[in-house]
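Trainee: Sequence:
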Amino acid sequence: QVQLVESGGGLVQAGGSLRLSCVASGSIYRINVMSWYRQAPGKQRESVAHIATDGFTNYADSVKGRFTISRDNAKNTVYLQMNSLKPEDTAVYYCNYRASSEYWGQGTQVTVSS
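Just so you know, we're using the working numbering here: the sequence shown kicks off at 1 and counts up by one.
Worth double-checking, as some hints may not be accurate.
Unchecked claim - The following label-pair restraints were derived from C-beta to C-beta distances:
#: 1; residue 1: S100; residue 2: Q13; range: 38 to 44 Å
#: 2; residue 1: N58; residue 2: S114; range: 24 to 30 Å
#: 3; residue 1: S70; residue 2: S100; range: 35 to 41 Å
#: 4; residue 1: S84; residue 2: Q3; range: 29 to 35 Å
#: 5; residue 1: V5; residue 2: R66; range: 21 to 27 Å
#: 6; residue 1: S27; residue 2: D72; range: 14 to 20 Å
#: 7; residue 1: S101; residue 2: S47; range: 28 to 34 Å
Think of the hints as simulated: they come from the structure by calculation, not from any bench. Here a beta-carbon is modelled for each residue, glycine too, at the ideal position from N, C-alpha and C.
My request is simple: use the sequences and hints to build the entire structure.
Mentor: Structural data, given as structure tokens:
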């Protein structure tokens, strides 16, 4: 079992920044992929960014150049630095861990006002 706890969400004005954190605990595999997804009201959950233990990253086109995913393997923590936020970034952001199994965090709300 793996537990994921997100933090860092909140309310911010358009153009502002937020940093999300997700701490993983439990049976962590040395090689894994940690990701951020988001789900806006009335929409399907969508991928935002992924990072492997070797540091390889992948981003959704909608956030490229604005969001940066990073991780601290020693702390089993993944971060999402979100800059130049837009109202359309408003969503619940979920942390995801994937190795032999897949786990989700409880989500953290990000609201961007115009």
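Trainee: Hints first: check each against the structure and report whether it holds.
Mentor: Checked hints:
1. S100 x Q13: 38 to 44 Å: Holds, at about 41 Å.
2. N58 x S114: 24 to 30 Å: Since the Cβ atoms of N58 and S114 sit about 29 Å apart, the hinted range of 24 to 30 Å holds.
3. S70 x S100: 35 to 41 Å: Violated - the Cβ-Cβ distance for S70 and S100, about 24 Å, lies outside 35 to 41 Å.
4. S84 x Q3: 29 to 35 Å: The hint (29 to 35 Å, Cβ to Cβ) holds, given that S84 and Q3 are roughly 32 Å apart.
5. V5 x R66: 21 to 27 Å: Since the Cβ atoms of V5 and R66 sit about 25 Å apart, the hinted range of 21 to 27 Å holds.
6. S27 x D72: 14 to 20 Å: 19 Å, holds
7. S101 x S47: 28 to 34 Å: 18 Å, violated
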